[in-house]
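Visitor: Spelled out from the first residue to the last, the chains are:
2 protein chains.
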Amino acid sequence: MYIIGERINGMFKDVAKAIREKNKRIIQELALKQIEKGADALDVNLGTAVEDPLSAMEWLVKTIGEVTEITLAIDTTKLAVMEKGLQCCKSKPIINSTSADEEKLNTLIPLAKKYNAGLIGLTMSRKGIPSDANSRLELAIHILNRWQEEGLPVEDLYIDAVILPVNVAQAQCPEVLETIHQVKMLSQPPPKTILGLSNVSQGTKYRSLINRTYLVMALAFGLEAAILDPFDEELRQAMRTAEVLLNKTVYCDSYLK
Amino acid sequence: MYIIGERINGMFKDVAKAIREKNKRIIQELALKQIEKGADALDVNLGTAVEDPLSAMEWLVKTIGEVTEITLAIDTTKLAVMEKGLQCCKSKPIINSTSADEEKLNTLIPLAKKYNAGLIGLTMSRKGIPSDANSRLELAIHILNRWQEEGLPVEDLYIDAVILPVNVAQAQCPEVLETIHQVKMLSQPPPKTILGLSNVSQGTKYRSLINRTYLVMALAFGLEAAILDPFDEELRQAMRTAEVLLNKTVYCDSYLK
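The listed protein sequences derive, respectively, from chains A and B.
Numbered by numbering that gives the first Met the number 0, the letters in the first sequence go through residues 0 to 256 in order.
Numbered by numbering that gives the first Met the number 0, the letters in the second sequence go through residues 0 to 256 in order.
Rather than coming from a laboratory, the hints here were simulated on the basis of the structure.
Incorrect hints may appear among the rest.
Identical copies go unnamed one by one, so any copy, or any two together, can satisfy a pair.
No farther apart than 20 Å at their CA atoms in a straight line, the calculated lysine to aspartate or glutamate pairs in the DMTMM-like style are these [stated by the list, open to error]:
id: 1; residue 1: Lys126; residue 2: Glu57
id: 2; residue 1: Lys21; residue 2: Glu149
id: 3; residue 1: Lys103; residue 2: Glu65
id: 4; residue 1: Lys204; residue 2: Glu233
id: 5; residue 1: Lys113; residue 2: Glu232
id: 6; residue 1: Lys32; residue 2: Glu65
id: 7; residue 1: Lys204; residue 2: Glu232
id: 8; residue 1: Lys204; residue 2: Asp252
id: 9; residue 1: Lys91; residue 2: Glu20
id: 10; residue 1: Lys103; residue 2: Asp231
id: 11; residue 1: Lys183; residue 2: Asp13
id: 12; residue 1: Lys204; residue 2: Glu242
id: 13; residue 1: Lys247; residue 2: Asp131
id: 14; residue 1: Lys21; residue 2: Glu101
id: 15; residue 1: Lys12; residue 2: Glu223
id: 16; residue 1: Lys113; residue 2: Glu154
From a predicted model like this one, the values you see are computed outputs, not experimental measurements.
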């Protein structure tokens, strides 16, 4: 599975403080440690309480770029901040994210083209997040069509079926699994599927257990990528075991090592 | 999920010794403890090293029957021993198991009818265990047809897609998941699906991790019953969490309790 490390996010207090104080060491350590734990890419999110997000994003992306050329997923809703992040990336970046709304697609798809970036497309619109798989799939199809109209490669598109916390929208948890399964049948080759995993357990008591249980089920339904916490060792073990049991990596007695 | 406790099996040394020494206390404690841990039924297997299996099965089933009227799954390949076990059950039993071979079906289906028993049907035949889902499904269809020809209720039939150890037949692990999924589409209502879970991890280093990861995936594909170890607390937690995430039991903060 393709792992995007979630830890460089201003929603975490250590990261918010490091951004505020321009503490490169904290950020660079978080970057390198996530990579050491198996991250294939790093999410980069300023959080909410940043005074000058444009320069903060530039500082953050360049700070990471000093120690690694790994793919960065620029995670912001502000267009100018997104472009600044993309400009500063050392290698092919990912745009995190667009909805299925036209004004989003009309700005972010050209941006993806300009910067040769991947794009995460959320199956939601201004009307909200649909409650069932079929309606999520319709939004996925719309995003896929708009992406392909621009001649962009389908393997650079990541459909995110938007998992909500189980304590808020329990009935949607199986619908998201079904969406993942259906997205794989949309085109040949199909777009990739991705989840912002930790969201499923927001506000619950057994966060790690819920995260890893849902990840195992999503992998069985064909999930290829997730934004997650690379420091969660039990999550890593569950993921590796699922990959073995799905015959995606070869079993050996020491497969966890 | 319907849990059949696996611990009363002569393959375990404590059980073999208790059968040999006619030690009721050991057997009765194992029965009650498995029920306390959530077992809905108990598998009853003499193991291999029993001198007089007919009287041993009678003793074993009656010993359990002294402390509980729970469903017993009589687990033996010997026809006379099977019938003796069924005769001694206090409530509706389960026959564990038949293959798809005619000589098995011709004896075990009438036995199920005679004793109003459930039947576990393995998707295997004298030719062996097929390597792919479609061939397993063909055997499931054959067992289902023979069961229905006798006018027996489909909800009493448990199709077991026969999971083999991941270190022996890794490529079959996803095929078994696919079989479980397909069996649910065979009839309306469909037969139940069941797994002898612990087999997937035989001979591996991380048995509990492999068992619970596979169970979570199988549940996502529609599995309804499993023969498993009710004493494995992490397995129980994973199962409960999967049931919540599949929206089969209602989420509450203390759902693990």
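Visitor: Hint by hint, say whether it matches the structure.
Guide: For each hint, the structure was consulted:
1. Lys126 to Glu57: For Lys126 and Glu57, neither the intra-copy (32 Å) nor the inter-copy (65 Å) Cα distance is at most 20 Å.
2. Lys21 to Glu149: neither (38 Å within a copy, 77 Å between copies)
3. Lys103 to Glu65: neither (31 Å within a copy, 69 Å between copies)
4. Lys204 to Glu233: both (16 Å within a copy, 16 Å between copies)
5. Lys113 to Glu232: neither (38 Å within a copy, 52 Å between copies)
6. Lys32 to Glu65: The answer is within: 15 Å in one copy meets 20 Å, while 58 Å across copies does not.
7. Lys204 to Glu232: both (18 Å within a copy, 17 Å between copies)
8. Lys204 to Asp252: Cα proximity of Lys204 and Asp252: across copies only (6 Å, versus 33 Å in one copy).
9. Lys91 to Glu20: For Lys91 and Glu20, the Cα distance exceeds 20 Å both inside one copy (28 Å) and across copies (70 Å).
10. Lys103 to Asp231: neither (33 Å within a copy, 49 Å between copies)
11. Lys183 to Asp13: neither (38 Å within a copy, 49 Å between copies)
12. Lys204 to Glu242: So Lys204 and Glu242 pass the 20 Å test across copies only (16 Å; inside, 27 Å).
13. Lys247 to Asp131: Between. Shortest inter-copy distance 16 Å satisfies the 20 Å Cα cut-off; intra-copy 29 Å does not.
14. Lys21 to Glu101: neither (36 Å within a copy, 75 Å between copies)
15. Lys12 to Glu223: neither (29 Å within a copy, 43 Å between copies)
16. Lys113 to Glu154: within (17 Å within a copy, 58 Å between copies)
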